[in-house]
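Undergrad: Each chain, letter by letter, is given below.
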Amino acid sequence: MSNARDAILAKLRAGDAAGEGPVSDFSVIYGKSWSREEKIARLESLMVAVNTEFHRTTEADWPALVARLLEKRAIPSLLIGTDNQLIERLQDEEGSPDLTIYDGRYEDRKAEVFEALAALTTTRGAIAETGSLILWPNEAEPRLLSLVPPLHIALLDADRIYDTLWWTLTEENWQDGMPTNVVLISGPSKTADIEQELTFGVHGPKELIVLVIDG
Amino acid sequence: MTGAEGCFRERAGTALKDTQLRANFRRAMDGLMDKRAEQFSDVNEWERLRGLGESIRRRALARLPDLLEQLERNCTANGISVHWAETVEQANETVLEILQRRGAKRVVKGKSMVSEEMHLNDYLGRHGITALEADLGEYIVQMAGETPSHLIMPAIHKNRGQIARLFKDNIENYDYTEDPVEMTAVARSQLRREFQDADAGLSGVNFAVAETGTLCLVENEGNGRMVTTVPPVHIAVTGIEKVVEKLEDVPPLLSLLTRSATGQPITTYFNMITSPRKEGERDGPEEVHLILLDNGRSRIHADAETRRTLQCIRCGACMNHCPVYTRVGGHAYGGVYPGPIGKILTPQIEGMRVFGDLPEASSLCNACVEVCPVRIPIAQVLVRLRDEAAGHCPRPTVKESGARKSVMEDLVWTGWKWMHRSPAAYRMMTGLLAKAGNLAPSGAPLLRQWTSARTKPRFAGKTLHQMVREKGLADE
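Chains A and B supply the protein sequences, listed in that same order. The opening residue of the first sequence carries number 1 in my numbering; numbering runs sequentially from there. The opening residue of the second sequence carries number 216 in my numbering; numbering runs sequentially from there.
These aren't lab readings, by the way, just hints derived from the structure by calculation. You can take every hint at face value.
Below, simulated SDA-like cross-link-like pairs (lysine to any residue); rule was C-alpha separation at most 25 Å, straight line: (1) K461/B <-> P179/A; (2) K206/A <-> Y389/B; (3) K250/B <-> Q196/A.
Based on the sequences and whatever the hints tell you, model everything.
TA: Here it is in structure tokens:
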């Protein structure tokens, strides 16, 4: 369709000139900032407001907490990526769930992915302003982990909570190398398409549990 | 194409008599307005943020051809195939070619207004390919054989009883319930199978970032992530105006979009797609295609005044706050895009012949302009389009400009102008109307449309000038 391309571009260039366009003043965005404690509290209150379960835990305690949360729901196994450190931490835990490792191509693991009742992922960080987790799925933690199983447990390092999305992507220079997929997650899947009645768990996870690792 | 029967006036008349429809819209719009107002309670922040949003969109439109080329370059480098389409037909053919090459028979779709503009589902259906809507609202609307009545909440015109009856008629072994939670669970289990079996996924695009070649999708349900991750092929369709220059332009627009649309600080998912599945990655589509559709947008872009229509980020706040939309609903507009934005966008895309009456469906109350997060001067464009429709635009640019030109109306206004310029003619005419104006029957031409819903105004026995003279004041 190179003809269509050339025709569209020619038409766009033939119209009224607009110069370079206006300059943007971003100060309303970068003016927003909170202290470490405020950021954790803000993240918690925004995420809890949209039905997220939120726990503050430590590097030492989180595997036991995961085991308890699954036991409470009578979920015997957990879908997880291939991060060996995570796998070992979970396996070392007394009463830990059976782990299903998502270590092949989706096409070969379709049934396991769609039948799993719970999955665990890490996160790259979070955003205090909007109450969002930042995920950069990769080989070790594929995209469907945080989407298909009805329960998603996410680990978050308390030191990696940013003020705003704008700060996150500017400070980390995302524009220099975007991964295949970035996803911000702000609660379990929801809809209000029937009479605006808020309902959780339409296509993605019905439950989201965030474990903030602080210390 | 129109898809619309009759004119706006007729469709609005029918909608106004539907008390169920009016109640459904009233309730929904009241809720949306309240939630949005809560988000923007800080007026200073709101004005600065929308100023930023406006500048980002105007900058993108000012540099549009360059940015589209940059987007194409970066997407291509990332492994995304970019296709251009001047018309809906070309866009549909491109989708079909991609699907046929893969032998695809089933497509699952995320929400996309551009695909509505393309009438893609019908087109694919005619070529033996099933396209299933996966957004819950769109799923309901497709089941009913209808079109969306709202940009963000496609099935807002229906209540739970109407939806439950639809499910009963269309879903095997439906255990009848009118509970939204249970109905949502039924849709979930139906669609889960579809995601796994689909040969391709199709989505729209909220923002396309030229700097990085990234496609951004905003959603709450997860169906957008499903259709862009599970099937082996992902096709994204977008209007050429959706491009933004830099990645840092995205956060303010995202904030304005979700807060304006549904009063949420952010949606559940914000999905940024930059490439197909890379070597070693476990999931994601093997192929990603981006189709850039013009369909009249380059024509809208050519004129500095109409160009501002293209600033739109499709939040729907204009319709949520529109006194006309709230009363007649989305279908009365006849086109794909309803409400105030539809009133300025549809006639420019589809032409003045069929949709030239839409710009008249407004009292120019300015409610839409006040809430628009990117400051589109909707009222100003409405007036421009009225001039275009009537053939009074000094430099017409809109498709089928002058299609609603009326000799009768032009004559009346010429007479009116002449009468107000000549004191003698003015005195004669007002004197005549004071004496004999009330004799005109209410069904007389020009009066008829006014009296169809109102009582006929009565002329006073004396003109203002006469009364002033009788009071002894000088009549100058």
